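Undergrad: So the sequence lines, in the order shown, correspond to chains A and B.
Using our numbering, read the first sequence as starting at 1 and increasing by one per residue.
Using our numbering, read the second sequence as starting at 1 and increasing by one per residue.
Everything labelled a hint here was simulated from the structure, so no lab data went into it.
Everything numeric in this text was worked out from a predicted model, so none of it was measured.
Backbone N, C-alpha and C fix where the C-beta goes; we use that ideal spot for every residue, glycine too.
Don't take every hint at face value.
With the Cβ distance kept under 8 Å, some of the chain A side facing chain B (calculated, not the full set) [claimed, not checked]:
#1 Leu129
#2 Gly130
#3 Gly395
#4 Thr439
#5 Thr442
#6 Asp447
#7 Ala448
#8 Arg450
#9 Thr451
#10 Gly453
#11 Leu454
#12 Ile463
#13 Val527
#14 Ile530
Just some of the chain A residues that point at chain B, by a computed CB distance under 7 Å [said to hold, decoys possible]:
#15 His444
#16 Met445
#17 Leu452
#18 Gly455
#19 Ala465
#20 Met467
Computed beta-carbon distance windows for the label pairs [what the hints assert, rightly or not]:
#21 B:Glu120 / A:Gly314: 55 to 65 Å
#22 A:Gly363 / B:His140: 41 to 51 Å
#23 A:Ile533 / B:Ala137: 44 to 54 Å
#24 A:Arg362 / B:Leu315: 29 to 39 Å
#25 B:Pro98 / A:Ala311: 35 to 45 Å
#26 A:Ser323 / B:Ala137: 32 to 42 Å
What follows is each chain in one-letter form.
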Amino acid sequence: MSAPHRARNPDRGWSIFGLALALGVAIPLGAVVWRAFSGDGAFWGHLADTVLPRYLANTFWIVLGVGAGTILGGVASAWLVSLCRFPGRRIFEWALLLPLAMPAYVVAYVYAGLFDAAGPVHASLRGWLGAEGVLSWYPNIRSLWGAILVLNLVLYPYVYMLARAAFLEQSVCVLEVSRTLGLSPWGSARRVALPLARPSIAVGASLALMEALNDFGAVQHFGVDTFVTAINRVWLARGDATGAAQLALLLILFVAALVWIERWSRGRAAFMHMSRRYRPLPAYDLKGWRAAAAVAFCFAPIFFGFLLPAAALGTWTIDQAASAIDARFWKLALNSVVLAGGAAILCVTLGGAIAYALRQSRGRRSLRLAAAIVGLGYAVPGAVIAVGVALALGGFDRAVNGLTGGASLWLSGGLFALYFAYAVRFLPIALGAVESGFTRVTPHMDDAGRTLGLGPAGVFRRIHAPMLKGSLLTAALLVFVDVMKELPATLMLRPFNFDTLAIRTYEFASDEQLKAAAPAALAIVAVGIIPVILLSRAIAHARPGMAAGTAGTGVAPALRTA
Amino acid sequence: MTALVIENVAHRYGPTLALDGVSLTVAKGEILCLLGPSGCGKSTLLRIAAGLEPLQSGRVTIEGHTVAAAAGAGAGEAEVPPEARNIGFLFQDFALFPHLSVIENAAFGLHRLAAGAARERAQAALARVGMAELAGAYPHTLSGGQQQRVALARAMAPAPRLFLLDEPFSGIDARLRRRLLEDTWRVLKESGAASVVVTHDPEEAMLLGDRVAVMRAGRVLQIGAADDLYRRPETPFVAEFLSEVNKFRGTVNASGAIDTPLGPVAAPGLAAGSHAIVIIRQQGVGVFPDSSAPPGSLPMTVEWVRPMGAASLVLLRRRGAEAAEPPLYARVSGKLRLAEGAFAAALVDSDEVFVFPAETPTSVGSGRD
């Protein structure tokens, strides 16, 4: 008998939608590749002779330093708070996430203000030790090592968050079996818990590294030349689109290698949890100096990654409040909100539609492919996306002008380019958050709704919508905050004379008016702290055996999508 | 009038044939149980009846109206969607809506009624299943049995003409299951609607169903009252699936019998030299102390005894048998005291012996995964 599944038209409509979206993400990347190969080889040769070795070396050290630092700090702190007992553990559990609210460039500006030769730390040391005594050994924060330090301070929470979730997800029984098989507590950590958590740690580290490669503000302020700073300079200062595209292509290759290494290191180690039995994890009681060391170890990143910069920003803001918080400040804040709000609505709508389509078609292959392509956007640095979007839209404008004989900027001159770039970069976050929300709506709930007399629209309205409300809000919030913080793409694509809080922070900092940059920076941090609070609450309320983040808000899964 | 007619329904998931031409009818007020191992297609059939799975081939009629018909190869007419079939579906995982309270769940299917009337009907449905007091609770605070009751009330509230229950008791504690089974039976019977219950548990099927359809590999092997199936199984699979058995393969000899460890068993209607399967139920093997062996019994050695309270499982080996001869399981009253290694006598109740022509080699019995 032959009875092929009858094709249903709604499925085809969804497929077209999904492929259109995937095409939208692919076009800027395609434009970069196209442009990079359209130029002559002269630029390559020039690059290789002059600056390329420096870019490569800096990028290499950043990847190495941030990779090692975030893994070490993130895994160790996650291990301490989830498997040891010491004073303040419950607070550290969520407080270790606080540095996530700090954009790297803000911490870089604050540290430059505090620690460079003109800063208060240097001044007090000079007071005690005399000028010669200090100068001989005082490290220069404006260096590669300073950049690596700053990036580590704000990026380790990615590893911390995922490693902690992995430790909590592990069935205690597995740990106990290893004990009964003769391993010491540390032995079972090394031979069972860490290997089991390795895939999650790899994901966390790769997220941190993607952010590090995406960073523009911190490395630029510390005078460390990377691909992103070079793309920015070549594009904005020299107006050399081909050169920017060629650098962008190199950076894409770097990121692709990173993603490949992460996949490869995971191998087939997508561990399934065999046990459904969870009990509170055994806690090793730390006493005396061990407890003190644990407290110090957990407190240091919170202090240097959040409390110190926040306090400095607060103090400077109070100093500057009268002059810096003017009408222009509020105008910029409004611009930021317009950009972030618009991008949030856009990403949640499109991401929600794709997640819904994936579900309705029961994972149709064309839609899974589309979702995978959309997911790539998060791995691509903002500067690369900016170059690609500008090239693609510029090409479109030229084509239209060629037809009409005009000379207008149809798409590339306005906010459209910014929204386009934000959608490419942040759609995966929205998609991930909505998809994780959908996992709570089992297929049988849809079926139950149908047998109880609702059509597909009714099922969406009365079951999906109310159950997804939280996830949609979370998705919107995550995109909103990321757009608020975003610097490289905004800098390259914003319309003439259109500034945001992030741009103002950057511009004041570039003019070495670090204190004047404080109010705008503090506003960005204040908004950025909202999703961190959500995450923290999810962690505080997480039940044993339930990963933080899957416990309702879906923040962590959203960050995992890359 | 027949409430549900399934005609020659076939279904394929990719290369897998899930249903291979199934036909059956369910009368108004009747409970039909679909019994079979997992993967036999019983749940697919239920979902097709509900309209949750698009029909590929065959016809489904509910109360005289064709709700889906397809001649295969995509030549199907438009299907009546599940929401227009007026059915009550109970899911294995209950699928209660976590964002709604118990009463809101129960009233979910009553959206065409005014809010007050819907609430009243939902409350009545909850009272029928004994969940009236917990109307304000949320599903995640309920036990599995309570969730099942709420799901039943939710399915029942719109007064469907057909109930479809997909493994409704598999998630429930064994101790609680019997109570729930009885209560569910009462609710279904009182509703007057037709019901189809999918289960893999023969006891559940026989307790609940007016008739039982045994399914295997996408086909209905036999359909009938529980007693019919039990007394007159038409295939070795049905005999084996409904009870614990001893199974022997043999060849029919010149005098029309098959040799088994329990002596020759007559094989009426089977030609000499043909292969046959003999099935002897474990409780059809009577075991007696050697001292009071009844006439016609066979001498045995008790190899192994597991007392299980009311009954004991005994493994017997025929005295003087060759090593290759298979041993025999007997399920006897727990009152009978037997020592391992002791002599005993076995007598088979001929009502509990079934002879079938040998099929092509099968994995009968091991299909339960």
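Undergrad: Does each hint hold? Answer for all of them.
TA: Structure-based check of all given hints:
no.	hint	result
1	Leu129	63 Å, violated
2	Gly130	68 Å, violated
3	Gly395	43 Å, violated
4	Thr439	12 Å, violated
5	Thr442	6 Å, holds
6	Asp447	5 Å, holds
7	Ala448	4 Å, holds
8	Arg450	4 Å, holds
9	Thr451	4 Å, holds
10	Gly453	5 Å, holds
11	Leu454	5 Å, holds
12	Ile463	6 Å, holds
13	Val527	29 Å, violated
14	Ile530	24 Å, violated
15	His444	4 Å, holds
16	Met445	5 Å, holds
17	Leu452	3 Å, holds
18	Gly455	6 Å, holds
19	Ala465	10 Å, violated
20	Met467	5 Å, holds
21	B:Glu120 / A:Gly314: 55 to 65 Å	59 Å, holds
22	A:Gly363 / B:His140: 41 to 51 Å	27 Å, violated
23	A:Ile533 / B:Ala137: 44 to 54 Å	30 Å, violated
24	A:Arg362 / B:Leu315: 29 to 39 Å	49 Å, violated
25	B:Pro98 / A:Ala311: 35 to 45 Å	43 Å, holds
26	A:Ser323 / B:Ala137: 32 to 42 Å	58 Å, violated
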